[in-house]
Each structure stands twice: as C-alpha cells, then as structure tokens.
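Asker: Residue strings, one per chain:
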Amino acid sequence: MLEVRELTCGYNKRFILKAINFKVRREVLLGIIGPNGSGKTTLLRAITKVIKPQNGKIFFEEKDIWQISFKELAKKVAFVPQAPLSYGLDMTVEEFVLLGRIPHRKVFQFLETKYDKAIAEEAMALTNILSIKDRPISELSGGERQLTFLAKALTQEPKLLLLDEPTAHLDIAHRVRILDLIKRLNNSFKLTVIIVLHDLNLASQYCDELILLNNGRLYKRGLPEEILTAENIEDVYKTKVIIKEDPISSRPYIFLVPDKG
Amino acid sequence: MDKKLIHWAFFILLFSLILLAVSAFSFLIGSSHIPLNKIIPLILKGKGTIEYSILFDIRLPRILLGLAVGGALSIAGVILQGMFRNPLVEPYTLGISGGAALLVSLNISLGLNQRFGLISLPASGFLGAIVVILVVYALSVKKGILKIQGLLLTGVMISFISSSLIMLIMAISKAEDLHGIVFWIMGSLEEPNPLLIKLMLLISIFGLIISYLFCFDLNALLLGEEEALHLGTNIERTKKSLFILASILTGFSVGIAGIIGFVGLLVPHLMRMIVGSDHRILLISAFLSGAAFLILCDTLARTIIAPLELPVGVITGIVGGGLFIYALTKKEPLII
Numbered sequence: 001m002l003e004v005r006e007l008t009c010g011y012n013k014r015f016i017l018k019a020i021n022f023k024v025r026r027e028v029l030l031g032i033i034g035p036n037g038s039g040k041t042t043l044l045r046a047i048t049k050v051i052k053p054q055n056g057k058i059f060f061e062e063k064d065i066w067q068i069s070f071k072e073l074a075k076k077v078a079f080v081p082q083a084p085l086s087y088g089l090d091m092t093v094e095e096f097v098l099l100g101r102i103p104h105r106k107v108f109q110f111l112e113t114k115y116d117k118a119i120a121e122e123a124m125a126l127t128n129i130l131s132i133k134d135r136p137i138s139e140l141s142g143g144e145r146q147l148t149f150l151a152k153a154l155t156q157e158p159k160l161l162l163l164d165e166p167t168a169h170l171d172i173a174h175r176v177r178i179l180d181l182i183k184r185l186n187n188s189f190k191l192t193v194i195i196v197l198h199d200l201n202l203a204s205q206y207c208d209e210l211i212l213l214n215n216g217r218l219y220k221r222g223l224p225e226e227i228l229t230a231e232n233i234e235d236v237y238k239t240k241v242i243i244k245e246d247p248i249s250s251r252p253y254i255f256l257v258p259d260k261g
Numbered sequence: 001m002d003k004k005l006i007h008w009a010f011f012i013l014l015f016s017l018i019l020l021a022v023s024a025f026s027f028l029i030g031s032s033h034i035p036l037n038k039i040i041p042l043i044l045k046g047k048g049t050i051e052y053s054i055l056f057d058i059r060l061p062r063i064l065l066g067l068a069v070g071g072a073l074s075i076a077g078v079i080l081q082g083m084f085r086n087p088l089v090e091p092y093t094l095g096i097s098g099g100a101a102l103l104v105s106l107n108i109s110l111g112l113n114q115r116f117g118l119i120s121l122p123a124s125g126f127l128g129a130i131v132v133i134l135v136v137y138a139l140s141v142k143k144g145i146l147k148i149q150g151l152l153l154t155g156v157m158i159s160f161i162s163s164s165l166i167m168l169i170m171a172i173s174k175a176e177d178l179h180g181i182v183f184w185i186m187g188s189l190e191e192p193n194p195l196l197i198k199l200m201l202l203i204s205i206f207g208l209i210i211s212y213l214f215c216f217d218l219n220a221l222l223l224g225e226e227e228a229l230h231l232g233t234n235i236e237r238t239k240k241s242l243f244i245l246a247s248i249l250t251g252f253s254v255g256i257a258g259i260i261g262f263v264g265l266l267v268p269h270l271m272r273m274i275v276g277s278d279h280r281i282l283l284i285s286a287f288l289s290g291a292a293f294l295i296l297c298d299t300l301a302r303t304i305i306a307p308l309e310l311p312v313g314v315i316t317g318i319v320g321g322g323l324f325i326y327a328l329t330k331k332e333p334l335i336i
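Just so you know, the protein sequences line up as chains A and B, in that order.
Last residue of the first sequence: 261 in the working numbering, with the numbers rising by one and none dropped.
Last residue of the second sequence: 336 in the working numbering, with the numbers rising by one and none dropped.
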C-alpha cells in the first residue's frame, strides 16, 4: 500500500531523515517509535506531502505521491495531529467533523449531501462523540478534542490513517480508549494505520509491527518482540531497561531502571 | 430542511433587505430636496428634468459604486483575514493603498492629471497598487513558497515607506495640489466616469464568484496551513490565488474610490461574529453588508453638512469604529 524508497528529507539544508526504506502492507497497524528528534514526525509529514523529499520517493498504491494531487491524496490518506489545538475555532463538533468531507467535494457543490452527513454521523458514533456534537469545539477537553480530530480524519474515508502521538497528554482511560478504537478500526474496517507513539509499552501492546528510528535512520523493523529488546532500547535510547513478557498479551513489557547511585 | 440552511437563507435575506433599504434611502435623500411623492411621476416621465438627472446621474452611480467598492473591500478583508488567520489584517495592511496613494500624490503634485485628464488619477492609483503587489509578492516568495508572515511584514513596511514619501510630497507641493491629495487619500465615491463604475461593479461581482471557488479552502485554512493541506488543499496555489484575488479587488477599489478605510477590517469581523466563520455564508454576507455599510456612510457623508460633502473615509472610520467597539463589548472577540 505504501512504499518509502531511499527517503532523505529535512528542513533547509539539515537532513532529518536519511535513506529510509520500508514498505507498509495493507491492513497493518504499524507503529513508529524512536527518541525525540529521531524523525518520526518528519516521516509522517513527508508521507502527507507537507515536506518534499530531497531524495528518494514515496509510493502510495504504486504511485509516486508527488504525482497525486493533494485532493486525491486527502481522499485516501488522513492525518491526526499531535495535541491538536482548536483555540478560537468557532464551530460545533459536527461542523468540524464535516470538514473531513472537503476533499470529496465536487467543484460547485457548496452544501453537504445526505451521504456526507451520514459518514460524519458514523464517524462520530464510532468515536463516541455523538452526544457532544452540538458543543462548540473550543470548549472540549483534551480527550474529547482528540476524538473529534480522529472523527474528522475518519470522515475523509481514508484507506490509510496516520496518527502522530494521538495519546500524548491524555489520561490512561483516554489512551486506552483511543488505541482500542484504532485497533478496532484496523481490524473491522480494514484500515491501514501508521501511528507514532512515544510510549513503548502502548506500542508493544497495540501494534502489529514496529519501526524503530534512530537519528533519522531506520534502526530496525519487525514484530514488537523483535524490536523491543533490552539491547535495542539501550542502544537507541541510551537508557537501561528490563524487559518482561506481559502476562495477558505475552507482548514485551518494558521496565525502566532508575539510577540509584 | 436542515437548521443551518434556514439560518443561512435568513441571513442572506436579511442582508439583502438591508442593502435594498439602504440603497433606497440613499436614492431618496440628498442635498437637493426631491419630495417623496414626486419621485414616481419623475421616474415615469423619464429623462429631461433636472430632478431625474440628479436621481439617475448623480445618486444612482454613487450607490452602484458604493455597492461595488464596499463589497469588494469586504470580501478582500474576509479572504485576507482567513488566509492570515489574523483578524487585524485588512486589505490596506498589505501596503496596496500606500502604493496607490503615493503614485496619485505624485501625479497630482507633478500636475500630470491636468495634462492627461481625470482618468489618470485612477490609472496611477491602480498602477501604484500593482507595483506594490508585485514588490510585496516577490519579497515574500522563497523557493516557490509564499511566506505568509513575510507578506504581512513587508506589506506593513511598504505602507510606512509610502506614507513617509507621501508626507514628503505633501510638504513640497503647492497649496491647491495639497487639497486634491488629501481629498483623494480620504476616499470618495464621486466618480464622473460611468465606465469606471461599470468596471468596478464587474470586478466586484466577479471577485465574489471567484472567491466562492475557494470557500472550502478558506474553511480548511481555519485549522492552519498544515491541516488544510491534509484536507487536500494545494496550499501554495491557494495562497497565491487568494493573494492575487484580494489584491485585484483592493487595487481597483483604491484606484477608483481612493482610500476608504475600515470597511475591509470592520465588515468581515462583524460578519464573523454574526454568521460564524464558515466561508460559504461569510463571503456573501460580508459582500452584502459591506455594500450596505459603504452606501450608508456615503449617504451620511453627502447629507450631514449638505451642500458640502464630508470625505466618506471619515464617516466609515467614525461610524465603523463606534460600531466595532460596541460589538466588542457585547461579545467576546474571535481570534480566528
């Protein structure tokens, strides 16, 4: 579904990502992990055409994404930003979610169709925000706002969903709720998901596969148990950890080892 | 039908009615008193009487020009405020008016308007606007990317430079030229050339239609440039097109009517408070009410101390500013 080939890109002359190669198959839930500044967000921004690669190409459904118009890409790829702001936005949750229909509009279509509304309704039902759909978006809590942004992304009817640390700044209940939902979308709606996560244990629990980035290079890619080893983590994060198996999911679970000295 | 559509239809109807009422009021009121009961017989009688030509050759063209300029400045304001996501931006912030005023002052003080006729005033105003647009644009594009904040700062600086130069010109020009410069800078809807009025109307309505092609891009831009891009907006193309559109609307307005301040700042802001920030309703509302606002201000300008006339820019400033402060105390200001 998505192929990143020899991707090198960054801001101005500074390269953030260097010669990245990987393929994403359909219906996978792929996690991207790595230390701060390792290029996780930059990678997502390259996939959504926010920044242009200096070298290398990205293919979506076998087509170079720079050959696909922004509008066509937005019909198939949706993005949920990290800690989205809605300061001063003067619209209701429903109006906001309907913005997700923008890429699907025809040139002289100014009003929402029944279908547009049905899709938005469905997305709000999935994210469990139907009850707050008439509330102004500026008055939502952090968790509700994150769900609203997710609902907007789903309203785009994407095939590929990108999320940049959707659980940062949320309490544990909201984290689990959002990740459970993403897992469900991935399973029941066959949505391909690429998610950037900071919390290694959440990444371990929810992702089918992981990509570990280090200093703008792809350090390793594989199943959670292959990536989340004490060796890899210590090498990349320069932090001592102990890894045990989670008793329920039998996925790796990481314990930090504080320096007692 | 759904609630939003009814809302929107109500607003469009309301603003259309206000525009109609204000136009009718402006048509019937003036320094030469024409009694109400005579109006209809006059119109039926047709051309030939003095009253008829006052109505149709003096008052009507001013109404039409007010409609065109008020509408154009208001949608230029909506577009720029949406694009910059900054409610303090107005069409003149980009230095367009400064450039226009500079060339017009130069024209008047060099006496070119006497040699080339009155048409040279709007022509030089428009030329000044175009030059500034090109300069601001060229300075703000880096590697094909239009830097929005750069655009704003360059525009403000160009405004300062041109107002300094205008002061220099005013300081060294003759007293009779000074009057012309000051009057032009304060703006007026008096325009003897019917062709220019028609042109302005055309530009204004054309601008409204074109702006609707971008109404969803403007909505997406409410969320910021990157989010708009994720919603399929071709950001660079959209910013450039919107900048050019707003510049054309402002450039023609300034060239033909001089610098009529405040319309492009006040009307978009008020409308955003009343109808919300969805550009599908915001653009048309701003157009209609901007037109009504300017026609009303112009009517006041030409009747308050009739037969003398106040500069319309003075009225838009006073009425608009008062209205604005009132609105701000009534409702939380919106930072878009």
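None of these hints come from the bench; they were simulated from the model.
Nothing here was measured: the structure is a model prediction, and the numbers come from that model.
Mixed in with the good hints, there may be bad ones.
Calculated pairs, DSS-like style, for lysine-lysine (alpha carbon to alpha carbon, straight line, at most 25 Å) [unchecked claim]:
{"hint": "1", "chain 1": "A", "residue 1": "Lys-23", "chain 2": "A", "residue 2": "Lys-106"}
{"hint": "2", "chain 1": "B", "residue 1": "Lys-143", "chain 2": "A", "residue 2": "Lys-57"}
{"hint": "3", "chain 1": "B", "residue 1": "Lys-240", "chain 2": "A", "residue 2": "Lys-71"}
Just the calculated beta-carbon pair ranges, DEER-fashion [unchecked claim]:
{"hint": "4", "chain 1": "A", "residue 1": "Gln-54", "chain 2": "B", "residue 2": "Gln-149", "range": "42 to 50 Å"}
{"hint": "5", "chain 1": "A", "residue 1": "Glu-122", "chain 2": "B", "residue 2": "Ile-40", "range": "52 to 60 Å"}
{"hint": "6", "chain 1": "B", "residue 1": "Gln-149", "chain 2": "A", "residue 2": "Ala-230", "range": "44 to 52 Å"}
{"hint": "7", "chain 1": "B", "residue 1": "Asn-234", "chain 2": "A", "residue 2": "Arg-14", "range": "19 to 27 Å"}
{"hint": "8", "chain 1": "B", "residue 1": "Phe-183", "chain 2": "A", "residue 2": "Gln-54", "range": "24 to 32 Å"}
{"hint": "9", "chain 1": "A", "residue 1": "Glu-61", "chain 2": "B", "residue 2": "Gln-149", "range": "35 to 43 Å"}
{"hint": "10", "chain 1": "B", "residue 1": "Gly-321", "chain 2": "A", "residue 2": "His-169", "range": "36 to 44 Å"}
{"hint": "11", "chain 1": "B", "residue 1": "Leu-118", "chain 2": "A", "residue 2": "Ala-118", "range": "58 to 66 Å"}
Interface residues of chain B toward chain A, partial, derived using beta-carbon atoms under 8 Å [unchecked claim]:
{"hint": "12", "residue": "Leu-229"}
{"hint": "13", "residue": "Gly-276"}
{"hint": "14", "residue": "Arg-280"}
{"hint": "15", "residue": "Tyr-326"}
Every residue gets a Cβ at the ideal spot worked out from N, C-alpha and C, and that includes glycine.
Asker: Hint says 44 to 52 Å; check whether the CB-CB distance for Gln-149 (chain B) and Ala-230 (chain A) agrees.
Answerer: holds (47 Å)
Asker: Does Leu-229 (chain B) meet its interface restraint, that is, does its C-beta lie within less than 8 Å of any C-beta in chain A?
Answerer: Interface hint status for Leu-229 (chain B): holds (6 Å vs cutoff 8 Å).
Asker: Taken at face value, is the distance from the CA of Lys-106 (chain A) to the CA of Lys-23 (chain A) at most 25 Å?
Answerer: violated (32 Å)
Asker: Should the hint that Glu-61 (chain A) and Gln-149 (chain B) are 35 to 43 Å apart at their CB atoms be regarded as holding?
Answerer: holds (36 Å)
Asker: Check the following: the C-beta atoms of Asn-234 (chain B) and Arg-14 (chain A) are separated by a distance inside 19 to 27 Å.
Answerer: The hinted range 19 to 27 Å holds for Asn-234 (chain B) and Arg-14 (chain A), with Cβ atoms some 26 Å apart.
Asker: For the range 42 to 50 Å, tell me whether the beta carbons of Gln-54 (chain A) and Gln-149 (chain B) fit it or not.
Answerer: Check failed, 24 Å falls outside 42 to 50 Å.
Asker: A closest beta-carbon separation below 8 Å is what the hint needs, so does Arg-280 (chain B) meet it against chain A?
Answerer: At 6 Å from the nearest chain A Cβ, Arg-280 (chain B) passes the 8 Å test, so the hint holds.
Asker: A range of 52 to 60 Å was offered for this pair. Does it hold for the Cβ distance of Glu-122 (chain A) and Ile-40 (chain B)?
Answerer: holds (59 Å)
Asker: Checking hints one by one. Is Tyr-326 (chain B) an interface residue toward chain A, by the C-beta closer than 8 Å rule?
Answerer: It is violated, given that the least Cβ distance between Tyr-326 (chain B) and chain A is near 20 Å, above 8 Å.
Asker: The hint says 24 to 32 Å between Phe-183 (chain B) and Gln-54 (chain A); measuring C-beta to C-beta, is that right?
Answerer: 56 Å Cβ-Cβ, so the 24 to 32 Å window is violated.
Asker: Need the status of pair Lys-240 (chain B), Lys-71 (chain A): alpha-carbon distance at most 25 Å?
Answerer: holds (17 Å)
Asker: Against chain A, run the beta carbon of Gly-276 (chain B) and see if the smallest gap drops under 8 Å.
Answerer: holds (6 Å)
When each numbered hint is compared with the structure, violations occur for hints 1, 4, 8 and 15.
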